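Protein sequence lines, in the order shown, are assigned to chains A and B. So the first sequence is residues 5 to 574, counted in this note's numbering. So the second sequence is residues 34 to 277, counted in this note's numbering.
Honestly, the hints are just simulated from the structure, not real lab data. Values in this document were obtained by computation on a predicted structure and should not be read as measured data. Wrong hints could be hidden among the right ones.
Listed below are the simulated SDA-like cross-link pairs for lysine to any residue, each with C-alpha atoms no more than 20 Å apart in a straight line [unchecked claim]:
no.	chain 1	residue 1	chain 2	residue 2
1	B	156	A	312
2	A	315	B	100
3	B	232	B	61
4	B	156	B	146
5	B	100	A	566
6	B	156	A	311
7	B	232	B	209
8	A	315	A	325
9	B	232	B	212
10	B	100	A	567
11	A	315	B	139
12	B	156	A	310
13	B	100	A	403
14	B	156	B	118
15	A	315	B	181
16	B	232	B	60
17	B	100	A	407
18	A	315	A	408
19	A	315	B	127
20	B	100	A	310
21	A	315	B	145
22	B	100	B	87
23	A	315	B	138
24	B	232	B	59
25	B	232	B	55
26	B	100	A	312
27	B	156	B	169
28	B	232	B	267
29	B	156	B	189
30	B	100	A	569
31	B	100	A	397
Simulated DEER-style distance windows between Cβ atoms [said to hold, decoys possible]:
no.	chain 1	residue 1	chain 2	residue 2	range
32	A	189	B	165	40 to 50 Å
33	B	150	A	313	45 to 55 Å
34	A	315	B	154	16 to 26 Å
35	B	154	A	480	39 to 49 Å
36	A	34	B	104	33 to 43 Å
Beta carbons: idealized from backbone N, C-alpha and C, even for Gly.
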Amino acid sequence: MNALLYLSWNSARNRFLSAFRRVRSPRYAVAVIVGALYLWGFLWRPVTYPGATNFLLSQPSEMLITLLAVLTLAGPWVFGSDTTALAFTQAEVSMLFPAPITRRGLIGHKLFRAQMAVLINAAIWVFVLRRGGTFLPSPLRAVGVWVLFSTLNLHRLGAALVQSSIKQHGRAAAKRNWWSIVLFGFVGAALVTGFVVSRQELLGASGIGDFFVAVAHVLAQPPASIGLWPFHLVVAPTFARSIPQWQHAIVPAMAVMGLHVFWVLRSDAAFEDAALEASEERARRMDAIRSRRSIVVPKSAVAAKTTLRLKALGHPAMAIFWKNILCLRRTAQFRLLIGPAGMAIAFGAAMSSGARDFSLWVTATATTFAALLIVFGGRLVRNDLRHDMLHLPLLKSVPVGSTDIVLAEVASATVPIAAIQLAVLLIAYVASFGTERITLLPSTRLAILAGSPFLVLALNGALITIQNGMAILFPAWIRLGAAVSTGVEALGQNVLAMVANLFTLLVALIPPTVLAALTFQLAGGLRAERGLLVLWLPMVVAAVVLGLETYAAMLWLGRAFTRAEPLQTA
Amino acid sequence: MISVLALTKLYGDFAAVRGVSFDVAAGEILGLVGPNGAGKTTTLRCLAGIIAPSSGTVSIAGHDIQKDPIPAKRALAFIPDEPHLFDYLSVEEHLRFIARLYGVGDVESRIGPLLDELELGDKLGSLPGELSRGMRQKLAIACGLLHDPSVLILDEPLTGLDPAGMRRMRATVTARASRGTGVILSSHLLNLVEELCTKLLVLRQGQAVAYGTIGEIIAAHPALASKSLEEVFLTLTATNPAAT
Numbered sequence: 005m006n007a008l009l010y011l012s013w014n015s016a017r018n019r020f021l022s023a024f025r026r027v028r029s030p031r032y033a034v035a036v037i038v039g040a041l042y043l044w045g046f047l048w049r050p051v052t053y054p055g056a057t058n059f060l061l062s063q064p065s066e067m068l069i070t071l072l073a074v075l076t077l078a079g080p081w082v083f084g085s086d087t088t089a090l091a092f093t094q095a096e097v098s099m100l101f102p103a104p105i106t107r108r109g110l111i112g113h114k115l116f117r118a119q120m121a122v123l124i125n126a127a128i129w130v131f132v133l134r135r136g137g138t139f140l141p142s143p144l145r146a147v148g149v150w151v152l153f154s155t156l157n158l159h160r161l162g163a164a165l166v167q168s169s170i171k172q173h174g175r176a177a178a179k180r181n182w183w184s185i186v187l188f189g190f191v192g193a194a195l196v197t198g199f200v201v202s203r204q205e206l207l208g209a210s211g212i213g214d215f216f217v218a219v220a221h222v223l224a225q226p227p228a229s230i231g232l233w234p235f236h237l238v239v240a241p242t243f244a245r246s247i248p249q250w251q252h253a254i255v256p257a258m259a260v261m262g263l264h265v266f267w268v269l270r271s272d273a274a275f276e277d278a279a280l281e282a283s284e285e286r287a288r289r290m291d292a293i294r295s296r297r298s299i300v301v302p303k304s305a306v307a308a309k310t311t312l313r314l315k316a317l318g319h320p321a322m323a324i325f326w327k328n329i330l331c332l333r334r335t336a337q338f339r340l341l342i343g344p345a346g347m348a349i350a351f352g353a354a355m356s357s358g359a360r361d362f363s364l365w366v367t368a369t370a371t372t373f374a375a376l377l378i379v380f381g382g383r384l385v386r387n388d389l390r391h392d393m394l395h396l397p398l399l400k401s402v403p404v405g406s407t408d409i410v411l412a413e414v415a416s417a418t419v420p421i422a423a424i425q426l427a428v429l430l431i432a433y434v435a436s437f438g439t440e441r442i443t444l445l446p447s448t449r450l451a452i453l454a455g456s457p458f459l460v461l462a463l464n465g466a467l468i469t470i471q472n473g474m475a476i477l478f479p480a481w482i483r484l485g486a487a488v489s490t491g492v493e494a495l496g497q498n499v500l501a502m503v504a505n506l507f508t509l510l511v512a513l514i515p516p517t518v519l520a521a522l523t524f525q526l527a528g529g530l531r532a533e534r535g536l537l538v539l540w541l542p543m544v545v546a547a548v549v550l551g552l553e554t555y556a557a558m559l560w561l562g563r564a565f566t567r568a569e570p571l572q573t574a
Numbered sequence: 034m035i036s037v038l039a040l041t042k043l044y045g046d047f048a049a050v051r052g053v054s055f056d057v058a059a060g061e062i063l064g065l066v067g068p069n070g071a072g073k074t075t076t077l078r079c080l081a082g083i084i085a086p087s088s089g090t091v092s093i094a095g096h097d098i099q100k101d102p103i104p105a106k107r108a109l110a111f112i113p114d115e116p117h118l119f120d121y122l123s124v125e126e127h128l129r130f131i132a133r134l135y136g137v138g139d140v141e142s143r144i145g146p147l148l149d150e151l152e153l154g155d156k157l158g159s160l161p162g163e164l165s166r167g168m169r170q171k172l173a174i175a176c177g178l179l180h181d182p183s184v185l186i187l188d189e190p191l192t193g194l195d196p197a198g199m200r201r202m203r204a205t206v207t208a209r210a211s212r213g214t215g216v217i218l219s220s221h222l223l224n225l226v227e228e229l230c231t232k233l234l235v236l237r238q239g240q241a242v243a244y245g246t247i248g249e250i251i252a253a254h255p256a257l258a259s260k261s262l263e264e265v266f267l268t269l270t271a272t273n274p275a276a277t
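Taking the hints into account, I'd like the entire structure generated from these sequences.
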């Protein structure tokens, strides 16, 4: 067997067996049972009403997913590629880089390993989509999803290679890759032209559903459809509604995937050619590459030019909060906010499309963005125990109580997310006075604004505590570290994890909701003259109750943290 | 300073450390030696409060590390063989972070001399990724020494240091001990142990096979008289004594 195949296969097998052996621990055994029930409920449970899946597989969804694929693929070109696409482990760097293996061989190894994640996530999506009332057998849908995810993964890898080449060889590399720049320029122009030409149709939509149908319609018509054509080829097999339709779609999709394989390998060859032209530069770069565990030239380390003041005396847990805020400042990937921001902008446009009301659009966009950050914030900001469990020996040797450590870690992620949410909610509040479509009384708006800091902190704190709890309780099963897996190949796993977190939050929200409803009734219900107090008080009560629940969870997690041992995170 | 009684650490059925007892008084340097897998690092991690013993007690500066962990940890510094540093904190920020954790009020006056002592004075704003392996080890040592601990636990402290750094580290350990710090030093460098340590604890398969001054150990094993420390070590730690 090829040495790299041997490495991949045995690594995957041993990792699985190692994770499986954890089940001997009661905590992990309980987690397996809960996880199995969850997976059954989410993926296998028979559903009487397959409406949601049918909507996912509808023609408008197909066009919107195509647009999403274009945006995903354009991301590395517009905002710079993600170097983690080509990152290697320390062991791989130590053993493979000095070994007589070509650079192409290393990339092939990377591609092969990515396939494992692609296959797992393709399987998850096939289970999610199988509930749709379509006539396409699951294995055929699986092939379609696999082609889609593989192509997106290949593109991410190719973009990283091309940008690496451009960074190293400047104009010469840009000349070699001119066609990819022209392609995305053409796609962008086609989309913009399509939306401009059909703006009346979009602005005339009279609701959220209508708006997205109108967007899908615009995307399905020239000129946008011409720009989307190569991308639609890849998406089409997943959305095929019959076997003949799938057979018709799969060949072009596989051809696009094949072209991507060719492109990735061609980028590699071009790199080698250029590297030979400047051997001294190459040697210097490769040193940098090797020391930083990536075969692309990474961004230079974020210099510690500015810092935050930290007093030498005071509660020691503040030091952990300070450290984590510095971590966020120096490692934050702001481009991860683009997804939620894009969704919020689209939703805001859908809400205000019929009214042609800018203030309404701002209000809806800002409110949606704040709400989406509750869902996605914890995934984007990870400067807490999901990162620091890798430093467990250090954290456990410092003179700070375990609960204080958990509290400081949770606050490190909660406070920045809440700060962004409160800022956009303030924008929404101000903008809401510029539209007549929002009929809430000024006192009601003020009550919501005044109550939102409590609720936002409580909701984020609870959700971040859940995520940190997973890192403390199941460090062997959780991805630890600052990096978040952003590739589409991890989409299925991310969705599963996110839904599980939200479900846990929903359970935790039952007592606060009941008590808030009682407070609402006791405070006078919907009597308008007492609107401020009637809304503000239940919001604060809900936040306090949720905060107490979260604190109780932190005390429990603190005890679990005391028992956590470095071997568990190995 | 350090008192360990019947320390045992089990991983399932496997005993990494079994019934180990020893004491380190103020100013003493205890050398912890043993072959790979003897339980040295597990013992040190139990002493530092990183892992909980399965049974037995560990007292640091009069505080039980399990029952009263905060004062116990405030009195000690644990410097592991592999420096655990935060990639995103500069050298100076590491020291300020540690200062806050341990409540070092006069950190301003300590940072300069400490970094000069460890030849890191010109690396104040550098991130760990910009430092060599040896410099990262020096930074970990600086973090350990900043709060002037009364108990110092060192796991292979010379790993990655250059000859000058090694000499300076030896001098630092000796100087700290002479000022009353209780030191535990785990190392495979037997000449270092022989040079610095006032007492020796030899572990084999999780158990203490010898404990005391070198003189006391040889007195307990007359056959080892006139042998080098290396021969003493190999004899005591041999799983099959006949083979040595």
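Checked against the structure, which of the hints given earlier come out wrong?
2, 20, 26, 29 and 33
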